[in-house]
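K.L.:
Here are the chains, one letter per residue:
Protein chains: 2
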Amino acid sequence: MINNPNSFHLIQTCPGSKARAGELITPHGTVPTPVFLPVGSQGTVKTLTPEEVKDIGMEMVLANTYHLYLRPGIAVIEKMGGLHKFMAWDRAILTDSGGYQIFSLASLRQVSDEGVIFRSHIDGSQHLLTPELIIQLQEALGADIIMALDECPAHDASLEKVQKAMKRTHRWAERCQRAQRRSDQALYAIVQGGTFPQLRRQSAEFLTSLEFPGYAIGGLSLGEPKRVTLAMVEETVALLPENKPRYLMGVGSPEDLLEGIARGIDIFDSVLPTRIARNGALFTRRGRYNIRNAAYSQIDQPVDPDCDCYTCRTFSAAYLHHLFNCQELLGYRLATIHNLSFINKLMRKAREAILHGTFNSFRDGFLASYQPTDENVRLSQKQKWLKSRNLSQ
Amino acid sequence: MINNPNSFHLIQTCPGSKARAGELITPHGTVPTPVFLPVGSQGTVKTLTPEEVKDIGMEMVLANTYHLYLRPGIAVIEKMGGLHKFMAWDRAILTDSGGYQIFSLASLRQVSDEGVIFRSHIDGSQHLLTPELIIQLQEALGADIIMALDECPAHDASLEKVQKAMKRTHRWAERCQRAQRRSDQALYAIVQGGTFPQLRRQSAEFLTSLEFPGYAIGGLSLGEPKRVTLAMVEETVALLPENKPRYLMGVGSPEDLLEGIARGIDIFDSVLPTRIARNGALFTRRGRYNIRNAAYSQIDQPVDPDCDCYTCRTFSAAYLHHLFNCQELLGYRLATIHNLSFINKLMRKAREAILHGTFNSFRDGFLASYQPTDENVRLSQKQKWLKSRNLSQ
Chain A
1073 MINNPNSFHL IQTCPGSKAR AGELITPHGT VPTPVFLPVG SQGTVKTLTP EEVKDIGMEM
1133 VLANTYHLYL RPGIAVIEKM GGLHKFMAWD RAILTDSGGY QIFSLASLRQ VSDEGVIFRS
1193 HIDGSQHLLT PELIIQLQEA LGADIIMALD ECPAHDASLE KVQKAMKRTH RWAERCQRAQ
1253 RRSDQALYAI VQGGTFPQLR RQSAEFLTSL EFPGYAIGGL SLGEPKRVTL AMVEETVALL
1313 PENKPRYLMG VGSPEDLLEG IARGIDIFDS VLPTRIARNG ALFTRRGRYN IRNAAYSQID
1373 QPVDPDCDCY TCRTFSAAYL HHLFNCQELL GYRLATIHNL SFINKLMRKA REAILHGTFN
1433 SFRDGFLASY QPTDENVRLS QKQKWLKSRN LSQ
Chain B
1073 MINNPNSFHL IQTCPGSKAR AGELITPHGT VPTPVFLPVG SQGTVKTLTP EEVKDIGMEM
1133 VLANTYHLYL RPGIAVIEKM GGLHKFMAWD RAILTDSGGY QIFSLASLRQ VSDEGVIFRS
1193 HIDGSQHLLT PELIIQLQEA LGADIIMALD ECPAHDASLE KVQKAMKRTH RWAERCQRAQ
1253 RRSDQALYAI VQGGTFPQLR RQSAEFLTSL EFPGYAIGGL SLGEPKRVTL AMVEETVALL
1313 PENKPRYLMG VGSPEDLLEG IARGIDIFDS VLPTRIARNG ALFTRRGRYN IRNAAYSQID
1373 QPVDPDCDCY TCRTFSAAYL HHLFNCQELL GYRLATIHNL SFINKLMRKA REAILHGTFN
1433 SFRDGFLASY QPTDENVRLS QKQKWLKSRN LSQ
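First to last, the sequence lines map onto chains A and B. If you read the first sequence in this note's numbering, its first letter stands for residue 1073, the second for the next number, and so on. If you read the second sequence in this note's numbering, its first letter stands for residue 1073, the second for the next number, and so on.
Next comes chain A alone, as it looks inside the complex (with noise of 0.2 Å):
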């Protein structure tokens, strides 16, 4: 791996916090940090064009190998000439080992040593995936950032289950590194061990025994209190080594990637921006909106008068509710395009002040006005939809 054409420069951690400034070198590009990375689960951020990803600024996207190895199949996309080229995407890409698609999609699931026998949740076809498929299929997938299986139970699962998972992550995680045959590829490690802070810590420490070129925090956002998420970041990033990049697996509120930057992780990724988007929700200065609301019916400004995003600087709330009325597909993109540019957005500021040493009173200010979704709301939202998912218990 000594010419692998990946690598990590931290730049600037802020006094009186740990958000951290830095950039990811791929071999698609140079990723400035803290970064957001939007997922396109089946190769296509969806409803919208590689171009308008990049006209929002995303500099990295995220693709499920799960999804794509259902459809259209790997070797499909690896006879297209990879990912980048079957998506059109010549950016920085990162694909999720799966893992969390199989213990929350699939269905039928046998774990054992060996891997995890599962079975479609599109058409109930039967398949098995070891670390070492798992690492094969990255491979020829071509992302720039692959990602170890891991096992990633559910996050009421007892303490018991969740070590045994854990373990389980970690024997994976060797076996994934020792299956890396591609030189040219970033291949990152999760951590695991739930909402138990003595498992958090022995996840990180024995995975960076390991020395892979970067961390991922799994397992969390699945419906646990967001201060327990946060204190199980803390716990895990405090054990990480300053000079590898921490991606926090599943999260993507504003309010959120905040308080993770100010506990020092530099890589996000989320459906929840551009899943939030489809159904109406809107991202503002102060809080989130829908923008079915007929109070929007009216009103002849943009949904968020600050922003410059394509959306605002064209459309009228009240043509946004229309679509949205009307079901018009439209809406959809223009939706997504608003929430993915305020994330963006937040991101560029956030780490703009880490640069001027100003984050901590960024995010109080940030904060300051913006409402987030009630807690209560939140979780009983998150825990239908996981449900919807079959992953809670």
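Hints were generated in silico from the structure; no laboratory data involved. Among these hints, one or two may not hold up.
Put simply, identical chains are the same to the list, so a pair is met inside one copy or across any two.
Below are the BS3-like pairs computed for lysine-lysine, each with C-alpha atoms no more than 30 Å apart in a straight line [unchecked claim]:
1. K1157 / K1417
2. K1456 / K1157
3. K1417 / K1118
4. K1456 / K1233
5. K1157 / K1239
6. K1126 / K1157
7. K1151 / K1316
8. K1126 / K1233
Add chain B to chain A, keeping to what the hints say.
P.N.:
Positioned in the frame of chain A, the structure of chain B alone reads:
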């Protein structure tokens, strides 16, 4: 109407056919004819931004007064500054009168000389539309070209029924003309008469005596055989003035456009290219192909290698197949861009051929290699679709 900024200039008629090249001057730009108008029923060409519609090369779009009347309501659009501003489209717009929609989409129609009482297809609410109100609504929307209210009987209605509807359409056309207040919109009349040549002639003669600035041919392409459609077009066009634009409503397949042009039509509109795109059917030089077909799953070439549209420049057929297979919204967009580009290029090439005096050989050349959808398949698909909209008796 002396200073009406709308006008039509006939530039050239092709020797050996009735094909004409001209231009429509409108307050929102000059539109070369023959021209195809993509349909944006609800103030949006489905899936596309105005910029994309422009990039494809479209100079005018159609919007439906009926749809916009029901949602968001004409008063809302007027308050937002008119339809151009509301949908952020600064080129020309034609609004349909809603006659066709009332007789196809709405239920419980009571037609009297006063107007039509119908129930909304959305919420069942009851409405009365009169010729005067239709003009008032279209003046509030502010399109460049507006349409008179017509009564549109089913294609298999009796002569008596069709004649009655035609006469009522004539009386309504007169009332629409008298009701017009704005002098910056061109009001077109709609020739009816079903599939009865004598009624078509009668309708064309009566309406041309009223000296409208343009004439549409309505009540065709509703399930009757193509030869009948074309025969009715010929009967009608023969009696329309040379110096006025002729608009064949509801026609949009490549072969029908060329046959319509050959018979002296200047303007067309149809949902066909965009509707079939969302169903995966894509135009190519050889005919219409469905991207859902498994044969495309591993094709590294564009759907149509001769095409220079964004979709074909950027993505493989395999990727488009994958998007449709996964019901990804981006697929519907990309297919829509391709089909509208195909139709727009066909219209531009037809116009060039007319200007070069070679339209007949252009049309013959195109039709020699283009395999139209089988007539029986087409008719049964169309009738199924019309039945779903309760226009078939």
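K.L.:
Decide, hint by hint, whether the structure agrees.
P.N.:
Taking the hints in turn, this is what the structure says about them:
no.	hint	verdict
1	K1157 / K1417	both (27 Å within a copy, 28 Å between copies)
2	K1456 / K1157	neither (36 Å within a copy, 40 Å between copies)
3	K1417 / K1118	both (20 Å within a copy, 29 Å between copies)
4	K1456 / K1233	within (23 Å within a copy, 56 Å between copies)
5	K1157 / K1239	neither (37 Å within a copy, 60 Å between copies)
6	K1126 / K1157	both (15 Å within a copy, 27 Å between copies)
7	K1151 / K1316	neither (33 Å within a copy, 55 Å between copies)
8	K1126 / K1233	neither (42 Å within a copy, 58 Å between copies)
In summary, the numbered hints that this structure violates are 2, 5, 7, 8.
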